[in-house]
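Q: Make a model of the complete structure from these sequences and hints.
Same order as they appear, the protein sequences are chains L and Z.
Residue numbers for the first sequence follow our numbering, beginning at 6 and rising by one.
Residue numbers for the second sequence follow our numbering, beginning at 22 and rising by one.
FYI, nobody ran anything at the bench for these hints, they're computed from the structure.
Check each hint, because a few of them may be wrong.
Straight-line distance between alpha carbons at most 25 Å, and here's what the computed BS3-like set of lysine-lysine pairs gives [as the list claims (entries may be wrong)]:
1) Z:K63 <-> L:K14
2) L:K41 <-> Z:K23
3) Z:K91 <-> L:K46
4) L:K46 <-> L:K27
5) L:K49 <-> Z:K88
6) Z:K23 <-> L:K49
7) L:K27 <-> L:K41
8) L:K41 <-> Z:K63
9) Z:K91 <-> L:K45
10) L:K45 <-> Z:K23
11) L:K27 <-> Z:K114
12) L:K27 <-> L:K49
13) Z:K114 <-> L:K57
14) L:K57 <-> L:K14
15) L:K72 <-> Z:K88
16) Z:K63 <-> L:K45
17) Z:K23 <-> Z:K114
18) Z:K114 <-> L:K46
19) L:K76 <-> Z:K63
20) Z:K114 <-> L:K49
21) L:K14 <-> L:K45
22) Z:K91 <-> Z:K114
23) Z:K63 <-> L:K72
24) L:K24 <-> L:K72
25) Z:K63 <-> L:K24
26) L:K46 <-> Z:K23
27) L:K57 <-> L:K45
28) L:K14 <-> L:K49
29) L:K49 <-> Z:K91
30) L:K46 <-> Z:K63
31) L:K76 <-> L:K27
32) L:K41 <-> L:K72
33) Z:K114 <-> L:K41
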Amino acid sequence: DTAVSQTPKYLVTQMGNDKSIKCEQNLGHDTMYWYKQDSKKFLKIMFSYNNKELIINETVPNRFSPKSPDKAHLNLHINSLELGDSAVYFCASSQAPNEQYFGPGTRLTVT
Amino acid sequence: QKEVEQDPGPLSVPEGAIVSLNCTYSNSAFQYFMWYRQYSRKGPELLMYTYSSGNKEDGRFTAQVDKSSKYISLFIRDSQPSDSATYLCAMNKETSGSRLTFGEGTQLTVNP
Chain L
6 DTAVSQTPKY LVTQMGNDKS IKCEQNLGHD TMYWYKQDSK KFLKIMFSYN
56 NKELIINETV PNRFSPKSPD KAHLNLHINS LELGDSAVYF CASSQAPNEQ
106 YFGPGTRLTV T
Chain Z
22 QKEVEQDPGP LSVPEGAIVS LNCTYSNSAF QYFMWYRQYS RKGPELLMYT
72 YSSGNKEDGR FTAQVDKSSK YISLFIRDSQ PSDSATYLCA MNKETSGSRL
122 TFGEGTQLTV NP
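A: So this is what it looks like as structure tokens:
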């Protein structure tokens, strides 16, 4: 009965690799998001999709590419991983823009 | 300068204390104000949501917004050890759709 789920929970990889994080929501929401939370807990939006359409695309390196196969899923693919990409990545979903529900996070460590 | 400023703490209080958590902001276009609670190694969860100025109460939690001072607060009455978490304020402009701007969070510990 998990509302917003993400896989994997932990991801350890080497610089230069390509990796993907998957997100699914079973709340029937139209909008999904990717956030990055750095070591200081600062949470910053990266992307948002509404009904599979990209509506927010913040200043993020183009090594990051989101993909929404349907409105219940939003994946994040990262190419050529760098040390600075180490962070916790959160997926979220909402029906009303100010009531966002977050997943448990994916802790990415790049070595 | 960050649009939203929040003292990261840490803040440590005894059980039963009244806790006051605050954020200031610089952009008067913010209209919607949220408080999220984040337990260690978990995702943020929405606690309170207010529109424009005023107070909102939910159990032991009260959210206050003072738009004239660009200042928002979250009060926790009769604090419990289970309230120990990081509290993040978030704001949204009327015209920005779903683009929330977060404070950096205040880490709270309630000691039994």
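Q: Hint by hint, note whether the structure agrees.
A: A quick look at each hint next to the structure:
1. A hinted pair counts as satisfied when its Cα atoms are at most 25 Å apart, and K63 (chain Z) with K14 (chain L) qualifies at roughly 10 Å.
2. Annotation: proposed proximity of K41 (chain L) to K23 (chain Z) holds, straight-line Cα distance about 17 Å (limit 25 Å).
3. Of the pairs offered as hints, the one joining K91 (chain Z) and K46 (chain L) holds, with about 22 Å between alpha carbons and a cut-off of 25 Å not exceeded.
4. Between the alpha carbons of K46 (chain L) and K27 (chain L) the distance comes to roughly 22 Å, so the proposed pair stays at or under 25 Å and holds.
5. Straight-line distance between C-alpha atoms of K49 (chain L) and K88 (chain Z) comes to about 23 Å, which keeps the hinted pair within the 25 Å bound.
6. At roughly 12 Å between alpha-carbon atoms, K23 (chain Z) and K49 (chain L) fall within 25 Å of each other, so this suggested pair holds.
7. Distance hint between K27 (chain L) and K41 (chain L) is fulfilled; the C-alpha atoms sit about 14 Å from each other, no more than 25 Å.
8. Annotation: proposed proximity of K41 (chain L) to K63 (chain Z) holds, straight-line Cα distance about 14 Å (limit 25 Å).
9. For the hint linking K91 (chain Z) to K45 (chain L), the alpha-carbon distance of about 24 Å falls within 25 Å, and the restraint holds.
10. Taken as a hint, the K45 (chain L) and K23 (chain Z) pair is honoured in the structure, with Cα atoms around 14 Å apart against an allowance of 25 Å.
11. This hinted pair does not check out: K27 (chain L) and K114 (chain Z) have alpha carbons roughly 29 Å apart, beyond 25 Å.
12. For the proposed pair K27 (chain L) and K49 (chain L), the alpha carbon gap of about 18 Å is at most 25 Å, so the pair holds.
13. Only pairs whose Cα atoms come within 25 Å are accepted, and K114 (chain Z) paired with K57 (chain L) is accepted, the gap being roughly 23 Å.
14. Of the supplied pair hints, the one linking K57 (chain L) and K14 (chain L) holds, its CA atoms being roughly 24 Å apart against a limit of 25 Å.
15. At most 25 Å may separate the alpha-carbon atoms for a hinted pair to count; K72 (chain L) and K88 (chain Z) exceed this at roughly 38 Å.
16. Under the criterion of a C-alpha separation no larger than 25 Å, the hint pairing K63 (chain Z) with K45 (chain L) is consistent with the structure, at around 15 Å.
17. Between the alpha carbons of K23 (chain Z) and K114 (chain Z) the distance comes to roughly 15 Å, so the proposed pair stays at or under 25 Å and holds.
18. Of the supplied pair hints, the one linking K114 (chain Z) and K46 (chain L) holds, its CA atoms being roughly 22 Å apart against a limit of 25 Å.
19. A distance of roughly 24 Å separates the Cα atoms of K76 (chain L) and K63 (chain Z); the hinted pair therefore holds under the 25 Å criterion.
20. Only pairs whose Cα atoms come within 25 Å are accepted, and K114 (chain Z) paired with K49 (chain L) is accepted, the gap being roughly 16 Å.
21. Restraint check: the Cα-Cα separation between K14 (chain L) and K45 (chain L) comes to about 19 Å, which is no more than 25 Å; the hinted pair holds.
22. Of the pairs offered as hints, the one joining K91 (chain Z) and K114 (chain Z) holds, with about 13 Å between alpha carbons and a cut-off of 25 Å not exceeded.
23. Distance check on the hinted pair: K63 (chain Z) and K72 (chain L) sit about 24 Å apart at the alpha-carbon level, within 25 Å; holds.
24. Note on K24 (chain L) and K72 (chain L): the hinted pairing holds, with a Cα-Cα distance of about 13 Å set against a maximum of 25 Å.
25. Between K63 (chain Z) and K24 (chain L) the alpha-carbon distance is near 22 Å, which keeps this suggested pair within the 25 Å criterion.
26. The hinted pair formed by K46 (chain L) and K23 (chain Z) meets the criterion: a straight-line CA distance of about 15 Å does not exceed 25 Å.
27. The straight-line distance between the Cα atoms of K57 (chain L) and K45 (chain L) is roughly 31 Å, outside the 25 Å bound, and the hint therefore fails.
28. A C-alpha spacing of about 19 Å is found between K14 (chain L) and K49 (chain L), which places the hinted pair at or below 25 Å, so the restraint holds.
29. A hinted pair counts as satisfied when its Cα atoms are at most 25 Å apart, and K49 (chain L) with K91 (chain Z) qualifies at roughly 21 Å.
30. This hinted pair checks out: K46 (chain L) and K63 (chain Z) have alpha carbons roughly 12 Å apart, not beyond 25 Å.
31. Between the alpha carbons of K76 (chain L) and K27 (chain L) the distance comes to roughly 13 Å, so the proposed pair stays at or under 25 Å and holds.
32. About 16 Å separates the Cα atoms of K41 (chain L) and K72 (chain L), which keeps this hinted pair within 25 Å; it holds.
33. Between K114 (chain Z) and K41 (chain L), the direct Cα distance comes to roughly 20 Å. Compliance with the 25 Å bound is thereby established for this hinted pair.
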